[in-house]
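Start from the sequences and build out the full structure, keeping to the hints where you can.
Sequence order for the protein chains is Z and D.
For the first sequence, the numbering used here assigns the number 1 to the initial residue and increments by one for each residue that follows.
For the second sequence, the numbering used here assigns the number 116 to the initial residue and increments by one for each residue that follows.
It is worth saying that the hints were derived from the structure and are not from the lab.
None of these values were measured; they are calculated from a predicted model.
All residues carry an ideal CB built from backbone N, CA and C; glycine is no exception.
Mixed in with the good hints, there may be bad ones.
Reference excerpt, derived from the structure (chain D facing chain Z, CB under 8 Å, subset only) [unchecked claim]:
no.	residue
1	P149
2	R158
3	L161
4	D164
5	G170
6	F204
7	F220
8	G221
9	G223
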Amino acid sequence: EAQVTQNPRYLITVTGKKLTVTCSQNMNHEYMSWYRQDPGLGLRQIYYSMNVEVTDKGDVPEGYKVSRKEKRNFPLILESPSPNQTSLYFCASSLGPGTASYGYTFGSGTRLTVV
Amino acid sequence: GENVEQHPSTLSVQEGDSAVIKCTYSDSASNYFPWYKQELGKRPQLIIDIRSNVGEKKDQRIAVTLNKTAKHFSLHITETQPEDSAVYFCAASQPAKTSYDKVIFGPGTSLSVIP
Numbered sequence: 001e002a003q004v005t006q007n008p009r010y011l012i013t014v015t016g017k018k019l020t021v022t023c024s025q026n027m028n029h030e031y032m033s034w035y036r037q038d039p040g041l042g043l044r045q046i047y048y049s050m051n052v053e054v055t056d057k058g059d060v061p062e063g064y065k066v067s068r069k070e071k072r073n074f075p076l077i078l079e080s081p082s083p084n085q086t087s088l089y090f091c092a093s094s095l096g097p098g099t100a101s102y103g104y105t106f107g108s109g110t111r112l113t114v115v
Numbered sequence: 116g117e118n119v120e121q122h123p124s125t126l127s128v129q130e131g132d133s134a135v136i137k138c139t140y141s142d143s144a145s146n147y148f149p150w151y152k153q154e155l156g157k158r159p160q161l162i163i164d165i166r167s168n169v170g171e172k173k174d175q176r177i178a179v180t181l182n183k184t185a186k187h188f189s190l191h192i193t194e195t196q197p198e199d200s201a202v203y204f205c206a207a208s209q210p211a212k213t214s215y216d217k218v219i220f221g222p223g224t225s226l227s228v229i230p
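Here it is, written out as structure tokens:
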């Protein structure tokens, strides 16, 4: 089944403790992206990647890191989480190359709480 | 940069009635307009999309119209059913200034279909 797999689904952590949210897709998509969803703000892009070893900032990249060492994986790293990063996070992939104009397939989401 | 507005923010309709959600975009270069449905606690899912060379597209009970001159596009759901209750997001994608198409989401519309 074609899908984007995110883990974990739920995570509660403390301020400053490094964490990684994993994302993997099995559709051979070149383009992958991370979004955060907050009430009233919709979906805001954090980082995206057009291909292996090619990443760039979205609209709200502060406090986040990503890497794209393999085509299928695109982990989101919070080096020192803060309470304002409490949010619902979605990984998404799209048929490339270099374009998101084929629609996204979203992962199931990660609800992160930073206390 | 691109800005996408979406109205209304909430919408309640009786089962069997039609629902219309409207979005406007600011950048005339945008050329791809997807719509996503997000049921409570689930991931957004692509339900229909339209490209700038098309004025209307239908898929069973849902349709999307695009007015490039006015820079707005709309989602129409006919014969609404309780399972249509969800948050709907519109988005606009513009051709890349580099090699990446940027996708901007609207803030979402919460649709409730009353049985």
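Results of checking the hints against the structure:
no.: 1; hint: P149; result: 5 Å, holds
no.: 2; hint: R158; result: 4 Å, holds
no.: 3; hint: L161; result: 4 Å, holds
no.: 4; hint: D164; result: 6 Å, holds
no.: 5; hint: G170; result: 18 Å, violated
no.: 6; hint: F204; result: 6 Å, holds
no.: 7; hint: F220; result: 4 Å, holds
no.: 8; hint: G221; result: 6 Å, holds
no.: 9; hint: G223; result: 5 Å, holds
The structure does not agree with numbered hint 5 stated previously, though it agrees with all others.
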